[in-house]
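Using the sequences and the hints given, assemble the complete structure.
Chains as they are written, first to last, in the numbering used here: chain A, 1 to 335; chain B, 1 to 335; chain C, 1 to 335; chain D, 1 to 335.
The set of hints was computed from the structure by calculation and includes no laboratory data. Note that the structure is a prediction, hence the values are computed from the model and not measured. Even glycine gets a Cβ: it sits at the ideal position worked out from N, Cα and C.
Chain A is faced by these chain B residues, among others (derived, beta-carbon under 8 Å):
#1 10
#2 11
#3 17
#4 21
#5 23
#6 24
#7 61
#8 62
#9 92
#10 206
#11 227
#12 229
Per label pair, the in silico range of CB-to-CB distance:
#13 47/B to 18/A: 29 to 35 Å
#14 50/B to 18/A: 40 to 46 Å
#15 114/C to 306/D: 58 to 64 Å
#16 112/D to 220/B: 43 to 49 Å
#17 47/B to 298/A: 33 to 39 Å
#18 42/B to 45/C: 55 to 61 Å
#19 45/C to 82/D: 41 to 47 Å
#20 159/B to 303/A: 40 to 46 Å
#21 324/B to 123/D: 37 to 43 Å
There are 4 protein chains.
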Amino acid sequence: MIHFRNDYNDLAHPKLLEMMMTYQREAHLGYGMDHHSRKARETIQKHIKTPVFIHFMTGGTSTNLTVISHLLKPFEAVISAKTGHIEVHETGAIEATGHKIITLETKDGKLTANMVKDAFETFTDEHMVKPKMVYISQATETGMVYLKEELIALYETCKALDLYLFVDGARLGVALTSNISDLTLDDMVNYTDIFYIGGTKNGALLGEALITKHEHLDAYFRYSMKRQGGLLAKGFLVGMQFEGLFRDNLFFEIGRHANNMASYLVSGLKNIGLIFNETPTNQQFITLPKSKVEQLKKTYTFEIWQDFKTHQMIRLVTTYRTTKEDIDTLIFDLT
Amino acid sequence: MIHFRNDYNDLAHPKLLEMMMTYQREAHLGYGMDHHSRKARETIQKHIKTPVFIHFMTGGTSTNLTVISHLLKPFEAVISAKTGHIEVHETGAIEATGHKIITLETKDGKLTANMVKDAFETFTDEHMVKPKMVYISQATETGMVYLKEELIALYETCKALDLYLFVDGARLGVALTSNISDLTLDDMVNYTDIFYIGGTKNGALLGEALITKHEHLDAYFRYSMKRQGGLLAKGFLVGMQFEGLFRDNLFFEIGRHANNMASYLVSGLKNIGLIFNETPTNQQFITLPKSKVEQLKKTYTFEIWQDFKTHQMIRLVTTYRTTKEDIDTLIFDLT
Amino acid sequence: MIHFRNDYNDLAHPKLLEMMMTYQREAHLGYGMDHHSRKARETIQKHIKTPVFIHFMTGGTSTNLTVISHLLKPFEAVISAKTGHIEVHETGAIEATGHKIITLETKDGKLTANMVKDAFETFTDEHMVKPKMVYISQATETGMVYLKEELIALYETCKALDLYLFVDGARLGVALTSNISDLTLDDMVNYTDIFYIGGTKNGALLGEALITKHEHLDAYFRYSMKRQGGLLAKGFLVGMQFEGLFRDNLFFEIGRHANNMASYLVSGLKNIGLIFNETPTNQQFITLPKSKVEQLKKTYTFEIWQDFKTHQMIRLVTTYRTTKEDIDTLIFDLT
Amino acid sequence: MIHFRNDYNDLAHPKLLEMMMTYQREAHLGYGMDHHSRKARETIQKHIKTPVFIHFMTGGTSTNLTVISHLLKPFEAVISAKTGHIEVHETGAIEATGHKIITLETKDGKLTANMVKDAFETFTDEHMVKPKMVYISQATETGMVYLKEELIALYETCKALDLYLFVDGARLGVALTSNISDLTLDDMVNYTDIFYIGGTKNGALLGEALITKHEHLDAYFRYSMKRQGGLLAKGFLVGMQFEGLFRDNLFFEIGRHANNMASYLVSGLKNIGLIFNETPTNQQFITLPKSKVEQLKKTYTFEIWQDFKTHQMIRLVTTYRTTKEDIDTLIFDLT
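Okay, structure coming up:
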């Protein structure tokens, strides 16, 4: 089988597994107090000019619910695109912590500064929730990326309205290494209040690195991690992943390779007239007759994204393991 | 350094790491729908006569809060020993899901059927919470174990009072393989409503296996896992651990070795008159002059359990990695 | 001043106040266990053929959050119009109990059976919440009413999809006595799972009467009332209101008078060409130049509903206290 | 029947009912924005030197859960006596907002500064909740009162440990007018962070007046009131109560009369050797043979407080309606 199902279908990048094996005789302190977590924090800090606070989390939903419930007062709410992960695919995890999500319609899954401003103004008194945070995903759930100018506009608006800007970076790897991206890790720190670097979908065994430059947002955060069941006893496990990902730019190489393979896939699909709305990252969506989809299932893994009468839209995801041969074979079978 | 700090200070048992490495080129379905998780479930089921439902969780606190919030109605409460993990060491994770913990004083961290019955009767009307679950740990936080007779008495009482019996088995490995234990996995299924097999503290990279024989308790449980941030994208990671732990009785070997080393440690401590309240599992507690404790810190890792004026009680934990030499050295240094 | 501001701006209907005063030397049991609450239940039951369970609540938001949190499992969600009171005007009270509101766009604030069916089908697995309840208001927040046929269609759909149908009846008085209404209290019982009769906005000092025909929905409900801070010590206070409202059809008279005055108001407004979208209940909305609005404020109370450039939409609410003279004066001033 | 059941068994003090009736033709703004609520705030402020913020609430449990959830961060906890109302008789209302109650054993239901200090020190890191508030009741659930010296000691300790001191004043009326009390309303403001004046149990139709001197604790409090279902549409109803209670010292007269009757009752009981642990407020507890209790039930209302083999402890509560004749009759029947 050739895999285009998702970007979290194997254990981890071989270099990370190898590195882990060299640590197998060590003994570590628990709950993220170990020296690998410390080293990982130092290593990430080397990529960032501003001093930051870093916590290692186990997964995306867990990070989202912990951050949001830690930062908001009970009556405060978070603004998200209607397609945002916290709104659609977290089984009410944010509401479970007592907070409303204010959802905005978007064209492509991306919020704009103006959308936020307009929405904010409709919340006028104590009979309504108080907006206090904007949540965006970089890259979005549909593979789009925010450019520097867009992120700055959002951040400036948030500051003006006294809102936190929180970025879900489950796919930050492909976002920062996208051909169209003009953002660096430093920009992410400068133009957000808090964000995370996704490991799970970028080669790590598991884990996300949560980053904020604000000491007051960091304060007591470990209490919230523990309370939400997210403080792993073997926290060093996640620390090691980020130690490995950022020691030699592996994090960026993994994202870049996935994007390169996606570009190569897009070229192939264009040649055979099969793609119209390409994305700048590692997720591409094409629509095929159902019979064709059935046939592809024999050789390829992928997800059905949307069901139409005679056709289906499928999602093709590239990763660090995708090869040109994988794509050539697929294009051949699609021709 | 020689390690007696805890039973979750290394990556994982070498056999599990080895096994994982053989899977590194595979691609898996996400969120625990993979074939390793399926195989792990089948493998565990082979050790149990009654058909059971099994979910793979990421950690103890996460499992406790997900089970309790899944099973209780909003106004229902859980009964626990005052020393129970959910009461003392989970930063209010259970209350975070909206449920009160009814705490009972115990002699040694173990609840008895009579304690439960007496407490239950004090909750009489809608001005008080409604007790609906009993939570115990096997082994307890202080290293004690429930014997078959005790567990049956608790379970019968729970059934009579319409309470669920939920067993936190973070240290079930050492409980079931303790010298004094007369319980099997089958007994755990027969005499509880729901319980878990701890992986994290028994050699696994991470994870706990939650088990119930009741279909109605299992229903929609995955919704609660997701909502609480506990449905790991790379769920196969945890599945593999339990596949490896139960394929060849490794789970029991790990527990047994830890217990054997604890017995050996107790003998040594007895010879030099240093232990009075030994436990039947892998945690032993001794009290030493502070100067002695300081001196030991140079060669050994362990936790300070309690502080007295001139003395300190320390906790010594044995694991599958503890050797007789480790203990001989310690006893020599204690003499 | 002449009052069109809202339907809860005075103490209570004089007959209710009078009745209360006759009880002032009595002593009652607390928390709704008194004989006035019992009598009120019996009195309401006389208007309803099916045997029902009745609880007296203190207000709308409190009732909504108590019902929803009592009936739903943690991962279950409630479907509401995007204009629904629970979504817009309760400061996140439903999310505060851990539940997501699934909002649907509507033309006029009313949900249809088809809308519910279509929305339901998009919730497919454990990565999304599980819809379990439909919430509608009768009358809606914008003064519209559901007709019998519409309510039956919704209820049948709910039953087919295993959803509860919950009706917020804060303004049930004007809904049932509207000229266009073909519904009775019996229909409300037959074609919903649970609903309430609003007292606060229909002449009572305070309180809502929650009604369900299902014993299993009623079970332990008083626990949830207490837990949510809604079990009034002097519960008899609310019981008395409903005793008075239903003893001699006062409840319906109050609604009918408000509706009659609204019809009279609509006629007047039509004569001077000022209304286009009348409603069948006691709330009417008209749009006036801002200067006119300012001028009216000197003699009348009302709420600004929406702000446009040069105009404002204002809401005019009629109650049991509104007289033809009040309206004649207003129409005169509007001409 | 002669009533000793509780202090909330009638509608309201005649003077309050009379006053209300004079307002029955008025129209008011909703949600506590009316001029009676404003006047009530001004009237209470006249009794207090420090400028304070005042909110009118509907009941005790509702006030407790709103204050606690408004002030605490998710991982913060409240310290209470094990006999505290929030722990025993609120059906988990505090836990429902996500917060743990840390309970301390006391001799008589009263916390001391030292108890708080000792408990505080046992909470050391992020594996445990963070104590942030001390909750006491004045008078306590068992009729005891805190003296000035005790309150100051608690408050100083709270300040030193960065804890809020929150006083449940459901029975503040009898506490402040108790013979042994040396506290004034001013003291309550000076030596607490936030407290409430109970109306429900001191002659009001319903309601409690929440008071704080701290602007930052008051900020956005109305959002929390609404979110918790405690912002009454007819808020003026509660405002009027406090307007009436504090206009002419009626609040204190009501408490004083209840206490005087309690003293008279205690004298009578002492004469016949029936009381050993009198309280300084309006609740007295005596133990009688069960047959005697049965006999009393024919003429008197009261609550059974505790059940023993052959005896029962009953609670006798005096109110502004209790007369010397009521008590003489009771003493006669007890002789």
